[in-house]
Amino acid sequence: MDEQARAILQRILRKLPSKKTPSTLRAWGCLSAEQLEDLDYTQPKWLLLENLISKCEESGLRLKDVTKLEMVYHIENPNQGKWHAFKLTEPEDEAVSVDFTQFKEMFVAHLEEVVQHVSIRMKKQEDGAVWIRMAWGDNLTRPNHLKPTYAVHYLQTPYVFILNLSAKHKPFLYQALVLSSRHTSINEAHLSGRSLTAMRDLLMKQYQQVFPNQERTLKERNAPPSHPNIEKEHAESAERTHQMACEAFGDGTVPKLETAVYKLETRYRGSSNDTLSDRDELFRGVVKFSSPNLLESLRHCVSTGMAEAPVTPLLSSITQKGRNYFVIAEKAPGATSQTPAR
Amino acid sequence: MEGRVSAVNTPAHTRLTRRKSYGRNCMESPVVFWQTPGHLTTLGTRIPTSRGAARSRNITSKVDPEQLALLVKHEWKLAYVTPLYRFQHTQLKLYSKHLTAFILAEKQQGVAIEVGLEAGFKVTLSTIHGMAETEEDAETVFIQIHSKPTFGADALKPVWRGWLTCVNGDGEYLRSLPPDFVSLPLFCSSGSESLTSLVRVWFERTFDCNFGSLFLNSTTLNWLAALWTGCHPTSNIRFLKLSWTMPTQPSLDIMYTVNPQDAWELWNSIHTEDSAEGRIHIDEVQRFMNGLETHFFRHFKIYLSAGTLTKVATSLGSAHHEGKIKIGSSDYIDTLLTLLTECALHRTPV
Amino acid sequence: MALLAPYTKIPEPNTATILLVESEEKFQSRLADAIVQRENDAIVNVRLARRLPLPVENSETRPRVDLVVFIVNLLSEHSLQVVENSLSHLRSDFFLGKVCFMVTDARCGALTQERLLSVKKLAASHRCPLICAEHQTEDGVAMAASRLLTLLKVSAGLSPVATTALYLSTLTRCTVPSELDED
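Protein chains in written order, with the UniProt record's numbering: chain S, 1 to 342; chain H, 1 to 350; chain X, 1 to 183.
Next comes chain S alone, as it looks inside the complex (with noise of 0.2 Å):
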């Protein structure tokens, strides 16, 4: 065992819950049942550390197997780092029968040919995922594995997802992925977030849509009223209400999105009195909503009465178009059009 190997177990172990060890460990699946049984898990983790190495030795594993253990974990709690979204576009006739072997041989094939020291690790999840570990190197150097590369690309579909990408590399990935998944092109899609699942249920629209004709029944929460002598005069507005929030930002549980940001670039509206509304220049700012679950938040929101109904288009554009970065530029005199793109 080397010391980036050693220098990896031990990150995997700080992060990792005691409860969850053993879990994991076992997930891996290169250390034997009475080599995990053997150790204790209630020791501190510096300890434990020491023990897990010695059995790794004894094994004989290598960097190899802890990058392997490291996946394990990331694909365990997809909803650690910052993940960014893209979509790939316009698909030749052959994308829509690439398979994972294909997809993985391509891949490979593409990338070392770019890049001539880069370790990879693919795996292919249950749910159609493709987990990809990437560590790089150059010319000279070995592949770091202390600061992997991780795209997850759902086979079929244009979404991938990638964690830790810097920009010396981000040409080399894309030109791989768009070649081995046979688009012609990649583009950001301006959506990410801590948390790959919310991310990927938004992009999928894997979520409880409610669309402006459905029929629904919002009994749940507009109760009637506990006692006869008790009315509610705004009952049918507010059901009204609720509608729209719910169409805006989906019904029950909605995927867990934590931010939005607004760039924006527009005209002053405040109020008419204000000598500022007939200035050419525009009025810039950046709003960021955040919180722990934001289409919820947005939803109360505007069921509540603090937000206006209907919902405007600003936001509604988070679950229509999935994005969660938007810049509002408005052309500086005169024009008055609003486009939510770049």
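Honestly, the hints are just simulated from the structure, not real lab data.
Treat the hints loosely; a few may be bogus.
[Stated by the list, open to error] If you want the ones that stay clear, here's a sample from chain S, every Cβ over 12 Å from chain X, calculated: (1) Thr42; (2) His183; (3) His227; (4) Lys232; (5) Met244; (6) Tyr325.
[As the list claims (entries may be wrong)] Subject to a maximum C-alpha distance of 20 Å in a straight line, what follows is the list of computed EDC-like cross-link-like pairs (lysine to aspartate or glutamate): (7) Lys301(H) <-> Asp280(S); (8) Lys68(S) <-> Asp2(S); (9) Lys241(H) <-> Glu265(S); (10) Lys288(S) <-> Asp253(H); (11) Lys256(S) <-> Asp253(H); (12) Lys97(H) <-> Asp262(H); (13) Lys124(S) <-> Asp201(S); (14) Lys26(X) <-> Glu239(S); (15) Lys121(X) <-> Asp283(H); (16) Lys19(S) <-> Glu34(S); (17) Lys301(H) <-> Glu239(S); (18) Lys311(H) <-> Glu114(X); (19) Lys263(S) <-> Asp283(H); (20) Lys301(H) <-> Glu330(S); (21) Lys26(X) <-> Glu236(S); (22) Lys241(H) <-> Glu265(H); (23) Lys288(S) <-> Asp262(H); (24) Lys93(H) <-> Glu204(H); (25) Lys26(X) <-> Glu308(S); (26) Lys62(H) <-> Glu136(H); (27) Lys301(H) <-> Glu308(S); (28) Lys331(S) <-> Asp262(H); (29) Lys82(S) <-> Glu258(S); (30) Lys263(S) <-> Glu75(H).
[To be verified] Cβ-to-Cβ under 10 Å is the rule here; a few derived chain X residues that face chain S: (31) Ser29; (32) Ala49; (33) Glu134; (34) Leu171.
Cβ coordinates follow ideal geometry from the N, Cα and C atoms, glycine included.
Dock chains H and X against chain S, hints included.
For chains H and X alone, kept in the frame of chain S given last:
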């Protein structure tokens, strides 16, 4: 969040040592049968409707820059303090000794011991000359606690800092204090909670005073936003950052960062320079904030007024409504401290 | 715009109707429950609204409103703004003893002092009483309900004591001490 300040942790002011004649009394207006008791404060409800614009003064010419540097960059937790009985600026050396002994004694009782701190403490109290603005203001007192390492001649490590100050305090009130009292109504501390409470207890016992937590309401934060924005032409504020928390479930934080130049132009279009000697009126402050909120509303259709303004920040400093401040630059320090001194006096129970 | 009027409908015997207006709908339903559970002698109808004006569709089924209560959450400026905007949708004869203000979170001291003062001025200028309610405890809600019932019974003419809403309101209406009324 203002909402968290429930009835349970709202301190009931039972202190009855009235020193002021114009504090309100429940008995004054028998008709107000709705009145919630417990809000008798030093300044009553005299809330100023205008104040002087922030002016950059070369404070380093008045105050030792080294001492001034101590106040910048740390995050301070705010509290109000009732007037100190028989406090003398000439006795600081003696106080240092007493406070050191007190902290050591308390720590040795086994209360809240921190590993590595047992070795000992050195407490120093000192005066920061020149912070006071008027004759009535008492000079600022700075307290520093260093821990002494057990081994070797390592340098003393500062573990806690705090200061008591009064800048532009209400003259009428300060003059009305009996001669034995010194009013330093604003207490700022930075360091472990356990040391803060020990210092508080020592002050409370020694000078028969009382500490209480100081929240900054939205009016105070609005004032700061406007005052700081007004500084932009002379001292680049770099950004005006306003944070709100909406009472949704789960709660929603909205942070609005405004370009400093645009914020200033908005302020400039509202604030008329010619109005009585550079004074700013609360109406102008309200219109400024309303202007920003309306601009936001036109985009997102969210009523920010349904939430709580929690934080205002520029490069000159930041203020959090839970009573935490950071001083980014000493340039406009007196404007900030004047406002906070006033808040402290407003909170001080009679 | 149709104003809500107090005397356009014929009252039902032994019935009183109270309208609770609160933008956030946080406190009103608990208060409504407490009100209907507390009253045994008369039939009390509670109408809950987010704001005024009330929807026109309900005007047929809505009984005569005997007391309008505006609830202001002192921690929210918006809740005060909604109340201010709602006031103009009442016919002026409501203000002869059939309107009342209620605030919550008045205990939060310095945080809410200025807003409390605004509500106080608002109530005083409309010659209406102002009640502080403790919404965080069961007792507080019950107390608020009983205070409102007392006012309601008088304004609906159900009170056995010979008093009128107008007379009561001259006694209970909110006044602002002159020292606070400078601006």
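Consistency of the hints with the structure:
Non-interface status of Thr42(S) relative to chain X is upheld: no Cβ of that chain comes within 12 Å, the nearest being about 43 Å off. Every Cβ of chain X is farther than 12 Å from the Cβ of His183(S); the closest lies at roughly 48 Å, confirming the non-interface assignment. At the 12 Å boundary, the C-beta of His227(S) falls inside the reach of chain X, the nearest C-beta of that chain being 5 Å off. Listed as outside the interface, Lys232(S) is inconsistent with that label: its C-beta sits roughly 5 Å from the nearest C-beta of chain X, within the 12 Å cut-off.
Against the 12 Å criterion, Met244(S) stays outside the reach of chain X, whose nearest CB is about 15 Å from its own CB. Distance to chain X confirms Tyr325(S) as a non-interface residue, since its nearest Cβ pair spans about 28 Å, more than 12 Å. Distance hint between Lys301(H) and Asp280(S) is unfulfilled; the C-alpha atoms sit about 24 Å from each other, more than 20 Å. Only pairs whose Cα atoms come within 20 Å are accepted, and Lys68(S) paired with Asp2(S) is accepted, the gap being roughly 15 Å.
A C-alpha spacing of about 16 Å is found between Lys241(H) and Glu265(S), which places the hinted pair at or below 20 Å, so the restraint holds. Distance restraint check for Lys288(S) and Asp253(H): the Cα-Cα separation of roughly 8 Å lies within the 20 Å cut-off, and the hinted pair is therefore satisfied. The straight-line distance between the Cα atoms of Lys256(S) and Asp253(H) is roughly 15 Å, inside the 20 Å bound, and the hint therefore holds. Between the alpha carbons of Lys97(H) and Asp262(H) the distance comes to roughly 52 Å, so the proposed pair goes past 20 Å and is violated.
Annotation: proposed proximity of Lys124(S) to Asp201(S) holds, straight-line Cα distance about 18 Å (limit 20 Å). Pair hint Lys26(X) plus Glu239(S) holds up; C-alpha atoms about 17 Å apart against a cutoff of 20 Å. Between Lys121(X) and Asp283(H) the alpha-carbon distance is near 17 Å, which keeps this suggested pair within the 20 Å criterion. Restraint check: the Cα-Cα separation between Lys19(S) and Glu34(S) comes to about 19 Å, which is no more than 20 Å; the hinted pair holds.
Taking the CA atoms of Lys301(H) and Glu239(S), the gap is about 19 Å. The hint holds against a cut of 20 Å. Annotation: proposed proximity of Lys311(H) to Glu114(X) holds, straight-line Cα distance about 19 Å (limit 20 Å). For a cut-off of 20 Å, the pair hint linking Lys263(S) to Asp283(H) is broken: about 29 Å separates their Cα positions. Our distance criterion of 20 Å between C-alpha atoms is met by Lys301(H) and Glu330(S), whose separation comes to about 18 Å.
Among the hinted pairs, Lys26(X) with Glu236(S) is consistent with the structure: their alpha-carbon atoms are about 18 Å apart, no more than 20 Å. The suggested pairing of Lys241(H) with Glu265(H) holds, with an alpha-carbon distance near 16 Å, which does not exceed 20 Å. Pair hint Lys288(S) plus Asp262(H) holds up; C-alpha atoms about 18 Å apart against a cutoff of 20 Å. Of the supplied pair hints, the one linking Lys93(H) and Glu204(H) holds, its CA atoms being roughly 18 Å apart against a limit of 20 Å.
A distance of roughly 18 Å separates the Cα atoms of Lys26(X) and Glu308(S); the hinted pair therefore holds under the 20 Å criterion. A distance of roughly 17 Å separates the Cα atoms of Lys62(H) and Glu136(H); the hinted pair therefore holds under the 20 Å criterion. Proximity of Lys301(H) to Glu308(S) is assessed by CA-CA distance (about 5 Å); at most 20 Å being required, the pair is judged to hold. For the hint pairing Lys331(S) with Asp262(H), the CA-to-CA distance comes to about 17 Å; that is within 20 Å, so the pair holds.
Taking the CA atoms of Lys82(S) and Glu258(S), the gap is near 11 Å; set against the 20 Å cutoff, the hint holds. Simply put, Lys263(S) and Glu75(H) have alpha-carbon atoms about 29 Å apart, too far for the 20 Å limit, and the pair is violated. The criterion of a C-beta within 10 Å of any C-beta in chain S is met by Ser29(X), whose closest approach is roughly 7 Å, and the hint holds. Given the 10 Å rule on beta carbons, the hint for Ala49(X) holds: about 4 Å separates it from the nearest Cβ of chain S.
Interface hint at Glu134(X): violated, since its Cβ lies 21 Å from the closest Cβ of chain S, which is beyond the 10 Å cut-off. Interface restraint check for Leu171(X): the shortest CB-CB distance to chain S comes to about 29 Å, outside 10 Å, so the restraint is violated.
Checked against the numbered hints listed earlier, the structure breaks hints 3, 4, 7, 12, 19, 30, 33 and 34; every other hint is satisfied.
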